[in-house]
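A.B. asks: Each chain is listed here by its residues.
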Amino acid sequence: MTRDVLIQLLYIVAFALFIYGLMGLTGPRTAVRGNWIAATGMGVAVVATLLTPGMGNWWLILLGVAIGTAAGVPAAKRVKMTAMPQMVALFNGVGGGAVALIAWVEFRQSAGFAHEPTYVAVASLFSAIVGSVSFWGSLVAYGKLQEIVASRPVGVGKLQQPLNLALLLVSVGCAAAVVAGADSSWLIAGLLVSAAALGVLVVLPIGGADMPVVISLLNALTGLSAAAMGLALDNTALIVAGMIVGASGTILTNLMAKAMNRTIPAIVAGGFGGGSGTAL
Amino acid sequence: MLVQNLAVLVLAGFVGFAVISKVPNTLHTPLMSGTNAIHGIVLLGGLIVAGLGAQSALDKVLLVIAITFGTINVVGGFLVTDRMLGMFKDRPNRISPDRTKR
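If you read the protein sequences in the order shown, they are chains A and B.
Residue -8 is where the first sequence starts when you use my numbering, and the numbers rise one by one after that.
Residue -14 is where the second sequence starts when you use my numbering, and the numbers rise one by one after that.
Please keep in mind that the hints were generated in silico from the structure rather than gathered at the bench.
Please note: incorrect hints may appear among the correct ones.
Unchecked claim - Footprint (simulated), chain A over chain B, 3 or more residues, beta carbon under 8 Å: (1) -4 to 5; (2) 35 to 46; (3) 64 to 70.
None of the values given here were measured: they were computed from a predicted structure.
Cβ coordinates follow ideal geometry from the N, Cα and C atoms, glycine included.
Just need the whole structure built from these sequences, with the hints factored in.
C.D. replies: Structure representation (structure tokens):
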């Protein structure tokens, strides 16, 4: 009991640091300090989580953290200044990927959420769809900026919009079937694959010039998926940090679009059908 | 439990809206990168699900990948943001005296 209280108190310290750090990040003089304050908050949140009673599988955790650090630090240190946006896209993508993978494991461990409350299933499946869209969308954004994928808009013309809608309906349909009680690994596979295809197809038709706004949008989506995962796992740190990113990311996306004299719907839809409005 | 969590969710949303009111254009990308690092909090989800019991081999593999991804998001995110902001550091000394643009 006391340890649970300690964890919750440390989480509160972590949110306070996140919020204070973010406030710092919005001003030029305080930005560097704000970033490190937020990073300290993350350290506090990680330590608090590791104190959870009954934690085990330490070698799995150590392995993941070690590989992640070994991959993330050099990538962040070596990337050229001009290649920063695609690096952010990649980091955002792996965050979304992590959410989707955790939701998948949750599905497997709970036998299709059979004995879980409905809201756990709904929140987990929402985070699986959004996380998968964010992961694959971010990978395409990375590919375009890195010029692995053609940076000009690539689409399937008039079929684009119906196709995207169909993919969205397939993934939501799979989720609805799981919530209704069907336990089949085909459903979760169908959900993840259709969401992946949706992520790829939504970003592919968008031109390279609009990519920073799209990355910011995907960033906000990953935040929302983290918040949903927090609801499913009953973890306040995930709920608060995820939702703050979801909300501030949406505002920021809007500001970025305005600074380019564009609107978010025009950017996302710009590549869809006509594409005549795409500023390149 | 759900109702309390939903209350926290909504309030956190408003905090997120409130924090980002006015941001100079030059800070858009670092701010995006900073918020990106913060949603690396998903790492905690991986730690909890792995730590509280992953039995099958596939679950273990998936969770190690999830924890790896989460760690990359956190560590890489904060370091990249710091490097971006490093470009702004020498600006006041160098640019304000001769009043170049910005």
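A.B. asks: Please name the hints from earlier in the document that this structure breaks, with their numbers sorted from lowest to highest.
C.D. replies: Violated: none.
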